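Engineer: Sequence:
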Amino acid sequence: MERLLAVSEQEVLINFTLNSKCRANVRLISLCATSPVAFKVQTSSPHKFLVNPPSGLVQPLAQTTLQIILKPQSQIPPTFPRSPSDRFLIKATVFGSADSVNSLCVTLPDGSTQDVKFKIAFVGPFLLRHAVSNGDFNAVKSILKRQKMILAGLSSAEAESLYRVATELAANSEDMVSLLLRAGLSIEIDERVKTKDGWSELHVAAAFGRTEEISSLVRMKKYESLDCRDKEGRTPLHLAVNKTSIGCAKVLLESGADKEAKGKDGKTSLHNAAANGDRRMVEMLIEMGADPTIKDDRGRSCFDVARDKGHIEVLEVLQRGEAVLTAARRGELEGLESLLDKGASTNYCDQYGLTPLHIAAIKGHKHVVLLLIEFGADVECQDNEGHAPLHLAVEGGSIETAEVLLDNGANANARSRSGATPLYMAQAMGYDGISQLLMNRGASASLPQSSMLATVLED
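So that you can map any letter, position 136 of the sequence shown is 191 in my numbering, and since no number is skipped, the others follow by simple counting.
Derived from the structure by calculation, the hints contain no laboratory data. Treat the numbers as computed from the prediction; the structure is a model and nothing was measured. Check each hint, because a few of them may be wrong.
Here are the simulated DMTMM-like pairs of lysine to aspartate or glutamate, each with C-alpha atoms no more than 20 Å apart in a straight line [said to hold, decoys possible]: (1) 196 - 66; (2) 286 - 313; (3) 350 - 389; (4) 317 - 405; (5) 421 - 389; (6) 421 - 462; (7) 286 - 320; (8) 397 - 368; (9) 196 - 230; (10) 418 - 389; (11) 146 - 64.
DEER-style ranges, computed between Cβ atoms [claimed, not checked]: (12) 279 - 393: 24 to 34 Å; (13) 90 - 129: 36 to 46 Å; (14) 389 - 321: 34 to 44 Å; (15) 462 - 237: 15 to 25 Å; (16) 277 - 219: 24 to 34 Å; (17) 139 - 276: 49 to 59 Å; (18) 238 - 277: 20 to 30 Å; (19) 86 - 130: 49 to 59 Å; (20) 363 - 80: 30 to 40 Å.
Yeah, the Cβ is synthetic: ideal placement off N, Cα and C, and Gly gets one too.
Construct the complete structure from the given sequences, taking the supplied hints into account.
Structural biologist: Okay, structure coming up:
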């Protein structure tokens, strides 16, 4: 028997809302060119659904619309979007003039009717928000896949509310925000808010976790300064950290934002991350070279802030950094390797900007230097005076340590803020062997031109 009817959707989407009737339409399409087709709709959940009309006729090659009505529900569906327990069956048969529509599909013998099926999926802003608040990535993705324009249809208030729900997740908030933004969530800030708070476009993008927008602004240089301040003295980096947006914070730092910038309260971004108990952000900031020893206006370091807030995981990260510095200073190779294996950063620094590599270099611990490099330490990192580890290896008088650094890419002509090169320091300190090594590796024999050095030489 040729097919008599088709449905416009195999899966009917119902925008679910608690305690309200929810409606959706599905079209029945006649495929019969010669006779009307009688139909009767059945459901596996008659206690939940009504169908209007429940039965009827479709004229040859014509269409009719069914309205599927979900009765008010006091609870959220146990599974969504797909609801396997809610199914619909349409029985169809050719209609004769003497037939009764109400009884036709029931009384005809097997084989005289055709079955057409469709399923139900619960979607809509209410369930999307519920899925976001529960961190249910699969449900969020499924709703967005079925309703591609759902985010575009949200009001500004609804969009901002959904964004805030995503940012307040206990775990993976950045991933959820990223998912929503990629799917088209658009957040608009009232111009009055920008004026009131003194926010730049970078502040707005950072505050709402718009990593791609920040990247675009930076790439096109559409900003006055990466470290522009709002009325509270906060930079875009402060806001990115406060919103737990690692992606935004990393783009800003990699573009040159000041990681030590302070707000009016004297707090750096690392202070804020520690206060928030954001272990991942603290780890990233330290990896990017943020100084954990800086004190705010109350004389508190990020250690003090994390301790006062009871953020044990953050304290462990910070204490691991201190332990790495101590192990590097003492030349404790096994202890250092154990810390690094557990994820401790090689870029943790003290109040002078000295990293473990700087400290190991000046102490002449060549094996520690090599281990740190193997774990990703930057051989060109600089302390607060602009000294690279090679400068300090020279200052410590260790030709072997200097050689290890040069073998691993250290710049023989690196300059400190005063303009001093490693060769200048070696010659000034009378280290002939190190001087010869540096010249063999391409160090320039000419003295650097620097007003600070000129003053020293004149004295």
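Engineer: Determine which of the earlier numbered hints do not hold for this structure and return their numbers in increasing order.
Structural biologist: 3, 12, 15, 19, 20
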